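There are 2 protein chains.
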Amino acid sequence: MATQNSKPCASCKKHRKKCSESCVLAPYFPSTDPKKFALVQRVFGTSHVIKTLQGIEDYQRGDAVNSMVMEARARVEDPVHGCTRTVHQLQQQIAELEVRLAAMQEEVVTARLKRDEMASFLLT
Amino acid sequence: MATQNSKPCASCKKHRKKCSESCVLAPYFPSTDPKKFALVQRVFGTSHVIKTLQGIEDYQRGDAVNSMVMEARARVEDPVHGCTRTVHQLQQQIAELEVRLAAMQEEVVTARLKRDEMASFLLT
Chain U
225 MATQNSKPCA SCKKHRKKCS ESCVLAPYFP STDPKKFALV QRVFGTSHVI KTLQGIEDYQ
285 RGDAVNSMVM EARARVEDPV HGCTRTVHQL QQQIAELEVR LAAMQEEVVT ARLKRDEMAS
345 FLLT
Chain E
225 MATQNSKPCA SCKKHRKKCS ESCVLAPYFP STDPKKFALV QRVFGTSHVI KTLQGIEDYQ
285 RGDAVNSMVM EARARVEDPV HGCTRTVHQL QQQIAELEVR LAAMQEEVVT ARLKRDEMAS
345 FLLT
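Those protein sequences? They're chains U and E, same order as listed.
Residue 225 is where the first sequence starts when you use the working numbering, and the numbers rise one by one after that.
Residue 225 is where the second sequence starts when you use the working numbering, and the numbers rise one by one after that.
Source of the hints: derived by calculation from the structure; they are not laboratory data.
In this text, all values refer to a predicted model and were calculated from it rather than measured experimentally.
Check before you lean on any hint, since a few could be wrong.
Heads up, the list lumps identical chains together, so a pair's fine if it works in one copy or across two of them.
[To be verified] Capping the alpha-carbon separation at 35 Å, the derived lysine-lysine pairs in DSBU-like fashion look like this: (1) K260 x K338; (2) K238 x K275; (3) K338 x K242; (4) K338 x K231; (5) K238 x K338; (6) K259 x K242; (7) K231 x K241; (8) K338 x K241; (9) K238 x K259; (10) K275 x K260; (11) K242 x K275; (12) K260 x K231; (13) K259 x K338; (14) K338 x K237; (15) K242 x K231; (16) K259 x K231; (17) K338 x K275.
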């Protein structure tokens, strides 16, 4: 029989269930931070969060929880685009940086040509 | 009474339910593409997908479906990081571009100084 968890998870506390020591949510969703759990529960649903955590290794679960919380927050803030808004903004930023880099490269080439022209003029 | 949909959605077909014409999933998840629905169903769950679509305007639903499909695909491919992997890769790419841009800017300044030095030498 599973031992009861001394620190129940936010899900078990919400549903007034006994939280066992083997509860996969307990280490990441303490009942002291109910908002964190409410966020992923609202977007993914409790069973999907549990399934995701059960499908990966122990040491990966912290990262998985962080990424789910980030995705859930993005979806709550922007129900239409979720975290794809961030992806598009970053892609836009990359496109702008690439344009600036190309312009700068052209400027370097021009400056070097000018310098070489002057150098050859000085040598003749 | 809601009229039956002539083109049932992938969810209703899967659960052998009558798909009404007012089904919010039907325009975006046709039964001819069951994999598309299976993807979002696996990550978000049917009720969360429906809730998200019902919570936004009609004209935004196509974009919301695309972003949910993208997120779900990323989560299935990488259950630990989901689409935050793409976000981190893009952030990394931006950091690299900014380093290159700073180096290029320094090169432009150096080339200009050299050119100005030569020009003043030619004028004296």
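A quick look at each hint next to the structure:
no. : hint        : verdict
1   : K260 x K338 : neither (60 Å within a copy, 57 Å between copies)
2   : K238 x K275 : both (19 Å within a copy, 21 Å between copies)
3   : K338 x K242 : neither (78 Å within a copy, 75 Å between copies)
4   : K338 x K231 : neither (72 Å within a copy, 68 Å between copies)
5   : K238 x K338 : neither (72 Å within a copy, 70 Å between copies)
6   : K259 x K242 : within (20 Å within a copy, 37 Å between copies)
7   : K231 x K241 : within (12 Å within a copy, 42 Å between copies)
8   : K338 x K241 : neither (77 Å within a copy, 75 Å between copies)
9   : K238 x K259 : both (11 Å within a copy, 34 Å between copies)
10  : K275 x K260 : both (18 Å within a copy, 20 Å between copies)
11  : K242 x K275 : both (19 Å within a copy, 29 Å between copies)
12  : K260 x K231 : within (16 Å within a copy, 39 Å between copies)
13  : K259 x K338 : neither (62 Å within a copy, 60 Å between copies)
14  : K338 x K237 : neither (73 Å within a copy, 71 Å between copies)
15  : K242 x K231 : within (10 Å within a copy, 45 Å between copies)
16  : K259 x K231 : within (16 Å within a copy, 40 Å between copies)
17  : K338 x K275 : neither (64 Å within a copy, 63 Å between copies)
The structure fails to meet hints 1, 3, 4, 5, 8, 13, 14 and 17 from the earlier list, while all remaining hints are met.
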